[in-house]
Amino acid sequence: QQQVKQSPQSLIVQKGGISIINCAYENTAFDYFPWYQQFPGKGPALLIAIRPDVSEKKEGRFTISFNKSAKQFSLHIMDSQPGDSATYFCAANAGNYQLIWGAGTKLIIKP
Amino acid sequence: DAGITQSPRHKVTETGTPVTLRCHQTENHRYMYWYRQDPGHGLRLIHYSYGVKDTDKGEVSDGYSVSRSKTEDFLLTLESATSSQTSVYFCAIKKAQRTSGASSYNEQFFGPGTRLTVL
Numbered sequence: 651q652q653q654v655k656q657s658p659q660s661l662i663v664q665k666g667g668i669s670i671i672n673c674a675y676e677n678t679a680f681d682y683f684p685w686y687q688q689f690p691g692k693g694p695a696l697l698i699a700i701r702p703d704v705s706e707k708k709e710g711r712f713t714i715s716f717n718k719s720a721k722q723f724s725l726h727i728m729d730s731q732p733g734d735s736a737t738y739f740c741a742a743n744a745g746n747y748q749l750i751w752g753a754g755t756k757l758i759i760k761p
Numbered sequence: 646d647a648g649i650t651q652s653p654r655h656k657v658t659e660t661g662t663p664v665t666l667r668c669h670q671t672e673n674h675r676y677m678y679w680y681r682q683d684p685g686h687g688l689r690l691i692h693y694s695y696g697v698k699d700t701d702k703g704e705v706s707d708g709y710s711v712s713r714s715k716t717e718d719f720l721l722t723l724e725s726a727t728s729s730q731t732s733v734y735f736c737a738i739k740k741a742q743r744t745s746g747a748s749s750y751n752e753q754f755f756g757p758g759t760r761l762t763v764l
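For the protein sequence lines, the chains are A and B, in the order given.
Residues in the first sequence are numbered consecutively from 651, following our numbering.
Residues in the second sequence are numbered consecutively from 646, following our numbering.
Excised from the complex, chain A in its bound form (with noise of 0.2 angstroms):
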C-alpha cells in the first residue's frame, strides 16, 4: 500500500514527439505528487509537482494529469527534445514527511 509503481521502464520518443509516463498508487493518504528529472552523474531535480484536489497542471511543456478515482497520474512532455533526455521518478507524500518513490523511466528522445 505504500508503493508508487512506474511506467515504463524506459522510453524512446523522437524528437517533437510527446513522452507519457505513468504512475500508480494505492495509498488514497498520499496527499503531494511530485516529479523529478535526473541527468546522469547528477542529484534528482524537483520538475513540477501536483495536489490531489487538482486533476491537471502544466508549466512550460510539462503538464501533470491527476486521476483522483483511479489513483493514477502521468507526466507529459510536449515536443520532446534531446535535452529531455533524463531518468524521471514520479514519487508521493506518505504524510510523514517522507516520499515515496517510483522506480524511474529512463526517457531518450532521438533527434
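Hints are supplied without guarantee of correctness; some may be wrong.
Claimed, not checked - Derived contacts from chain A toward chain B, CB cut-off under 8 angstroms, selection only:
| no. | residue |
| --- | --- |
| 1 | LEU696 |
| 2 | PHE739 |
| 3 | GLN748 |
| 4 | LEU749 |
| 5 | GLY754 |
Hints are computed from structural coordinates only; laboratory data are not their basis.
This one's a predicted model, so the numbers in the text were calculated from it and none came from an experiment.
Heads up, the beta-carbon is just placed ideally off N, CA and C, and yes, glycines get one too.
Chain B: place on chain A using the hints.
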C-alpha cells in the same frame, strides 16, 4: 541547488572497513535525508533527520547509522562496509513545509551524490 554539498564525491573502499559520508547544507533546513540509488530500485530512504539529534530509520536502514550534531551536517556511517552497499548515495533536504487547504508539500532538494564502491 539549495546549498547542499556531499563529501567525498567518490570513494572506493574494502569490505569490512568503516565509511562515513557527509552532507552539508547552508540554508538551515530542519529535515535532511539519506537515500541510496541502485538500478531498478529508484531511490530508497536509508535514514532521515527532523532536527539536531533527531533521526529515524527509512526502509533500508540495516548496516547504516546516522548522526546530526549540527543543523548543517548530516553524517551517514557504514560501520563495516559490504559489497551490497556499493551504490550512489544522495543527501536531500526538505524545504519548510507549505500547506494549502488540506494538502501539504514535501519539496525535497538533492545534493550531487557520492558514488561508493565496496570491493
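Here's how the hints hold up against the structure:
| no. | hint | in the structure |
| --- | --- | --- |
| 1 | LEU696 | holds, 6 angstroms |
| 2 | PHE739 | holds, 6 angstroms |
| 3 | GLN748 | holds, 6 angstroms |
| 4 | LEU749 | holds, 6 angstroms |
| 5 | GLY754 | holds, 5 angstroms |
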